[in-house]
Amino acid sequence: MLALTPVITVSYEVKSAFLFLSILEFTVGVLANAFIFLVNFWDVVRKQPLSNCDLILLSLSLTRLFLHGLLFLDAIQLTYFQRMKDPLSLSYQTIIMLWMITNQVGLWLTTCLSLLYCSKIARFSHTLLHCVASWVSRKVPQMLLGAMFFSCICTAICLGDFFSRSGFTFTTMLFVNNTEFNLQIAKLNFYHSFIFCTLVSIPSLLFFLVSSGVLIVSLGRHMRTMRAKTKDSRDPSLEAHIKALRSLVSFLCLYVVSFCAALVSVPLLMLWHNKIGVMICVGILAACPSIHAAILISGNAKLRRAVETILLWVQNSLKIGADHKADPRTPDLC
13 MLALTPVITV
23 SYEVKSAFLF
33 LSILEFTVGV
43 LANAFIFLVN
53 FWDVVRKQPL
63 SNCDLILLSL
73 SLTRLFLHGL
83 LFLDAIQLTY
93 FQRMKDPLSL
103 SYQTIIMLWM
113 ITNQVGLWLT
123 TCLSLLYCSK
133 IARFSHTLLH
143 CVASWVSRKV
153 PQMLLGAMFF
163 SCICTAICLG
173 DFFSRSGFTF
183 TTMLFVNNTE
193 FNLQIAKLNF
203 YHSFIFCTLV
213 SIPSLLFFLV
223 SSGVLIVSLG
233 RHMRTMRAKT
243 KDSRDPSLEA
253 HIKALRSLVS
263 FLCLYVVSFC
273 AALVSVPLLM
283 LWHNKIGVMI
293 CVGILAACPS
303 IHAAILISGN
313 AKLRRAVETI
323 LLWVQNSLKI
333 GADHKADPRT
343 PDLC
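Residue numbers for the sequence shown follow our numbering, so the first one is 13 and each next one is one higher.
Quick caveat, the hints were computed from the structure, so don't treat them as lab data. Heads up, a few of these hints could be off.
Label pairs and their calculated CB-CB ranges [claimed, not checked]: (1) I322 to C272: 32 to 40 Å; (2) P279 to E251: 40 to 48 Å; (3) Y203 to C164: 50 to 58 Å; (4) V26 to Q60: 42 to 50 Å; (5) K132 to L50: 37 to 45 Å.
Even for Gly, the Cβ is constructed at its ideal location relative to N, Cα and C.
Please work from the sequences and hints to get the whole structure.
Below, the structure written as structure tokens:
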């Protein structure tokens, strides 16, 4: 059996490094997702019509802003307040459960993005599949409302299960004067809530895998067709397939990594009391949505243009500042 050396306390240097990394990941994640949100929200302010993809990205970026806030609170709680020798505090458990629920909302929104890519890009030979794809591309706002509705139901179920078990644990502690027994009950209840909240995300994950699989099959069929007809590598449909799959496959890989990190963090936290291991897991959880936000920006034409505009403005500002310093006699026209 795997035995890890318990790390009840960690050094000041490790805490400082972890907090610095958490602040850095929080800053990068907030900047990337706030950029996606503001670029699309600015179109709403200017009363410009948002595409279906932009509408999903707007909702997804807002969700991930909240997700990064929860992960940063988790890092602060873990660094300063949660001691490994103590049972998990209710506030720390609540942060973890809210993170899982927010992560589920993000998964539903990414599933909507996958369905949209599949309906817009994939080529269907069967008439029924073509009709379904056409219906999906027209019903994206309704899909988002449905995703929010299912997310609210999942949230209510998960939080109801979590707080009911927390109340049961509190009642047990009042009537049973056995510290070790009460601790085991608290651990079992948290494990149950964690697993229950994980199982609720299975339907959205299945939808995501099916739509991504259809897109991969469509890409393979399209590449075989293009290979037989022409050798032109600048095919717009092929590039659209690759860009869509890059964002979806990267999300799937990052989601699996973050899910494994969350899964490993539970025994590290509650069985082996290894605080450094938990810190590493939290760092991985914070890095994954930031990386995917960067991939979404690189794969979206409107967001890339906004980045280029900002970089050009910064470059011109720095150039004007440098010219002004080089020739201070230049009159200030303002």
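Does the Cβ pair V26, Q60 satisfy 42 to 50 Å? Given about 48 Å between the Cβ atoms, the range holds.
Does the Cβ pair K132, L50 satisfy 37 to 45 Å? violated, 25 Å
Verdict for I322, C272 (Cβ pair) under range 32 to 40 Å: holds, 35 Å
Do the beta carbons of Y203 and C164 sit within 50 to 58 Å of each other? Given about 25 Å between the Cβ atoms, the range is violated.
Measuring from beta carbon to beta carbon, are P279 and E251 in 40 to 48 Å? holds, 44 Å
In summary, the numbered hints that this structure violates are 3 and 5.
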